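There are 2 protein chains.
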Amino acid sequence: WPNWLPLSFRHADGDWFDLGDVEVLEFRQALDVRCGTLRRTVRFRDGRGRESALEVRRIVSMADCHQAAIEWTLTAENWSGPIEIRTALDGTVRNEGVARYRALNGWHLEPLATGCIGEDGIELSVRTNQSRLTMAQAARTRVFPAEAERERRTVEAPGWIAQIIACECRKQQPLRVEKSVAVYTSRDRAISEPVIESRSTIARDSSFAELLERHSIAWAHLWDRCDIGLGGNDNAQFVLRLHVFHLLQTTSMSTIDLDVGVPSRGLHGEAYRGHIFWDEMFIFPLLNLRIPEVTRALLMYRYRRLPEARWAARAEGYRGAMYPWQSGSNGREESQVLHLNPRSGRWVPDNTYRQRHVNATIAYNVWQYYEATGDAEFLSFYGAEMIVEIARFWASIAHHNPQRDRYEIHGVVGPDEFHTKYPGTEELGLKNNAYTNIMASWVLHCAGAALDRLGRDRRRELFEELALSDEETASWEEIGRKLFVPFHGEGIISQFEGFGDLEEFDWDGYRRKHGDIQRLDRILEAEGDTVNRYQASKQADVLMLFFLFSSAELAEVFERMGYPWTPETIPKNVQYYLHRTSHGSTLSRVVHSWVLARSDRERSWGFFERALASDVADIQGGTTAEGIHLGAMAGTVDLVQRGYTGLETRDDVLWFNPCLPEPLREVHLRIRYRGHWVDVEVTQERLRVRFDETWPRTARVGFRHEIHTVAAGETLEIALSPEC
Amino acid sequence: WPNWLPLSFRHADGDWFDLGDVEVLEFRQALDVRCGTLRRTVRFRDGRGRESALEVRRIVSMADCHQAAIEWTLTAENWSGPIEIRTALDGTVRNEGVARYRALNGWHLEPLATGCIGEDGIELSVRTNQSRLTMAQAARTRVFPAEAERERRTVEAPGWIAQIIACECRKQQPLRVEKSVAVYTSRDRAISEPVIESRSTIARDSSFAELLERHSIAWAHLWDRCDIGLGGNDNAQFVLRLHVFHLLQTTSMSTIDLDVGVPSRGLHGEAYRGHIFWDEMFIFPLLNLRIPEVTRALLMYRYRRLPEARWAARAEGYRGAMYPWQSGSNGREESQVLHLNPRSGRWVPDNTYRQRHVNATIAYNVWQYYEATGDAEFLSFYGAEMIVEIARFWASIAHHNPQRDRYEIHGVVGPDEFHTKYPGTEELGLKNNAYTNIMASWVLHCAGAALDRLGRDRRRELFEELALSDEETASWEEIGRKLFVPFHGEGIISQFEGFGDLEEFDWDGYRRKHGDIQRLDRILEAEGDTVNRYQASKQADVLMLFFLFSSAELAEVFERMGYPWTPETIPKNVQYYLHRTSHGSTLSRVVHSWVLARSDRERSWGFFERALASDVADIQGGTTAEGIHLGAMAGTVDLVQRGYTGLETRDDVLWFNPCLPEPLREVHLRIRYRGHWVDVEVTQERLRVRFDETWPRTARVGFRHEIHTVAAGETLEIALSPEC
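Residue numbers (my numbering), protein chains in the order written: chain F, 3 to 726; chain E, 3 to 726.
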């Protein structure tokens, strides 16, 4: 029973209700994702033979972002008598959701005050002990029928307050309790201070039914915008909707006006301590094309932390802005420098903070937002500055190698966290991680494109503010073209320079010995070995490129960099790395499904189904309890939205290139493209794209290599061949 | 010497420097508005014949919004010897800027902590005693040449900390002190908590020269965007720039990410206690066409307070949203209900909160922003909802009068605060204030237009969220058409119903007797009379209409409402009300200048010059010390920008209709219209409009009744006749 709506009861002669103390006759728990409501029904018999039914509905309002409510109905089936209901506000909660963190201090709230508000209200205020945010809660609890209530008394302890409501319960007559809670923090906007606002919200309080009504409408509208219809696969449809639900729980209208990022384990997961990594990259494609105001707000989260990123670059001797791999409230680096291997019990130095590629993610996300929305004002005011400062960082971290006449980036870690340095060396990081270098090249080119879109005046402003020169921007293009990409074998992109020289790993042997080898790094460390020695990846590192870019765009990037690109580049590399990955990351399956979408549709579907299961089946064996895997959830949604449809917003054209796996008969999307709604229907046989009536001019829709023009209200229909 | 950069010195044998204790040989104070720098130079001789020169430059950074800095240079002209410099942070400040508030509690800061940071830093944190915001400051003070410094010691008191720096001062050798201060509050974004952030900013501190450089670039860019060139009138140009400077000090890039409105006395004025009225209406036209991100942020300030405005409407039995006349942090009504007449010493009941017209202002501002920027996403996501909820309020406060078959609005006060009820009655407010009813009619029509622009899907969402029906929206159009407007005499719009029946006021007699009769209300109240009895206005109430709308647009509004509109309507009403206004409001002169711009250019220029003088000459005799008059400042700027040029953004057309007063030879503007820069040059002889190269399609430019199309990079030139 979550802590911010605590509500319980006891018989006058008994203990507070505990599911463990009664005989459970029936138990049903249902999360209604359509209207964001958690329902629990439990029928039970106690030691004295009293049978009761309890029905509970609870919501955290999507319409009134400061409110939550619970409706609790107790029916005495075969008894009558006095009971006591306890309705509390609890500020004594601790973070105990992750077993291996429990030895650390999980106490984050200092109690400030408790008190009563009128007859039926209680309030609590606490302060976070590091960031010193004040949070105030006020609750109002009402009993129906009102005559059932006999008396209320208040019980208080530091950081905790409750009302005990003595009620008379009559056989077969449901006793209904409505409790609503208002919560404000000192960071909220449009407030005087949190205690006053939570009190006044409760004083103006609506009934549970009214709150539920507004909440349900808000959810209905979110679904209108965000649902993705899958024909012919009920299980996938079901899980996909659960994923969309969790994405929207994490970031939606309610978070637009908060200064928040996308935490990799959602809002309720305690793993990674709420840190912000790069997961927004996976949720952006959905939100850009549905609720671009949300992605704008998420980009502003990054923009506000640009000064800190500039400082971080400067502190390391670089120019521009270097965003941290893990960050929190003030945008500084928060990555751990030691990591506990639960297998060996050893604290191991952790070097994964050197994932500078997060900077490319941020630039990529700005550009994707711009391509999807056409929001030139955002690009001009904020976006271009971020892209430029990141390009500048890449230009300064790259150094010229005169032997190769190529630029190189050393000392970094790629998305694959198994590889953090070369075996047998002390130096941290790797040389020329292919993903990093190619992304950096893309950013360096993108910065020029972004500056070109600004118009003369804003461009001049930015040049003066950032002390830019034409020479410097020209050097970015030059460095971008000449970044080094390592290859080995026949056209295999080396994950990093020297990857091909590492030992092959004995996958079969270890699988036989250990079963689950997702966390190979921990297994090897416990054995006194290191995964750095092997061609073994935790997650698809090189393959991320095929996930982020279409084949057409990658061909352009490779051409610009002067490296060969053939139709075999993708399948060959996919093949190579698929056999050298432990899938220690939930994201890995999404990427593998994606990259196989065109070459091996059956296997792609298999990876997709495994990725769908990440959290509903907790396939990592226990990590779901530590929080959902937001990136993987978002990835599965995006796999349907963009992977299987080939949807792409590039160069002012809305591209498609559908290729549905066999079990997927149909995908139906409604996307918001450049301020207007577009209906997209993909089946095995055809693609249909319809622009709404408000579309102001002809739209450009690309299918493979052709560009079609479509007018407002028109439908473009294209027949598909079965081979994609 | 303002309190957040306190810095002083003394001779080893003397008291802390006080301008009153020395013989001042030279004193010069200059505010450099071009780069936002305050400079003071003072040369003085003390009782012992020591002559010294002190030069001080101070900035509050426009580039680094958390930083301020001071550079302080002392030159011992004819002496050498030890001195002590005191550098403090002072949290004991009180609000004492307004004499008549001094009997009230002016103490708002509770001390929290003081401390040292390293060798040369001090810090202070305080908490506001009502809103419980934490504010932390950290300061770093350095002496140049460093060898001059002998010793530092720290002195502390509750809410106050200082370092005393013992220095050796050498004859003719300037001793330079740089002090920089960082300030953070608990409401800031992208922070951990204020103390940590202010410390870390100071630790990373730049030199005064570096801070000044960034600050100067930021100001240069603000001027690039916001300067208005006036040919042929240096004094007007000078004061106009001072006004633009103050507008930008109050709201600019630095305030975009704060949740702040436009306080009528700027940020440093204590009069009206920082309350938000309707002054944003006057600053919007400048910012919409220069830095629309700022107006977007100011509209978001209102949007965040929409729930409170809904509550206020509901509490009074209305529907929709009723924004308050005066408001603060949480958007509730903050108007005084008693008002002190300093003349009589009496506390008089104050009914001016019934200025419901502020709601029309907000809807009007949303629409103006949309017309200037074309920001459809803002209109869809936020703007339309505000307009609709305000329309709904107007529809519900209006009641049908079957005798007239007209809708009426009773119990309100118009912009003219002299009239708050009918003489001899108890009932509060007036019937059918013309300004209010016509604005309400405009809003009720505008709501339909806004809904039409949303597209089917968003329109449906909004209908469901707000429980709207087609019947309800149709009723708005109906009510808007049938709102009653009172007239008297021959085509005189009555300020409110019955205004024409009030007694004429003896203007000449009272002017002879009292001289300045701007605050006629106070004079009459002190005499036991009331201004409610007379046809006497504090400010142009009816005339505001001619300020907000072009004659063309008003003709449309009147036609829709079924009232006559003739070419004489404006001059006749201007004539009537000009003689019945005391100019008790600084805004009044702006409006009068505006409405005379076409009919009496000489008088218009006279009013303009008086309005320009409002604050530089403190024409109300002392109110400038209580804070600048932001609305009047903005109004003078807008008078040049829109009044004399006839610039209007309406129905997707950029309109002009220039008419410069004779002393004004030329006006040069650069405006940002729909995401692109447009150069506008108006002289007595011609109008020139040039669209920049990035303009994507042909623009529509209206001149009087004709619409011209202009392509990117083209210049439209129109010859003007001397009669306008």
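Keep in mind the hints are simulated off the structure, nothing from the lab.
None of these values were measured; they are calculated from a predicted model.
Positions of the beta carbon are idealized from the N, C-alpha and C atoms, including for glycine.
Some clues are possibly wrong.
Using C-beta positions, here's what the derived DEER-type ranges look like [said to hold, decoys possible]: (1) E:467 to F:726: 33 to 43 Å; (2) E:20 to F:317: 42 to 52 Å; (3) E:352 to F:99: 21 to 31 Å; (4) E:467 to F:99: 44 to 54 Å; (5) F:317 to E:211: 45 to 55 Å; (6) F:564 to E:467: 48 to 58 Å; (7) F:427 to E:226: 31 to 41 Å; (8) E:168 to F:403: 19 to 29 Å; (9) F:317 to E:97: 39 to 49 Å.
Problem - Which numbered hints fail - result: 3, 4, 5, 7, 8
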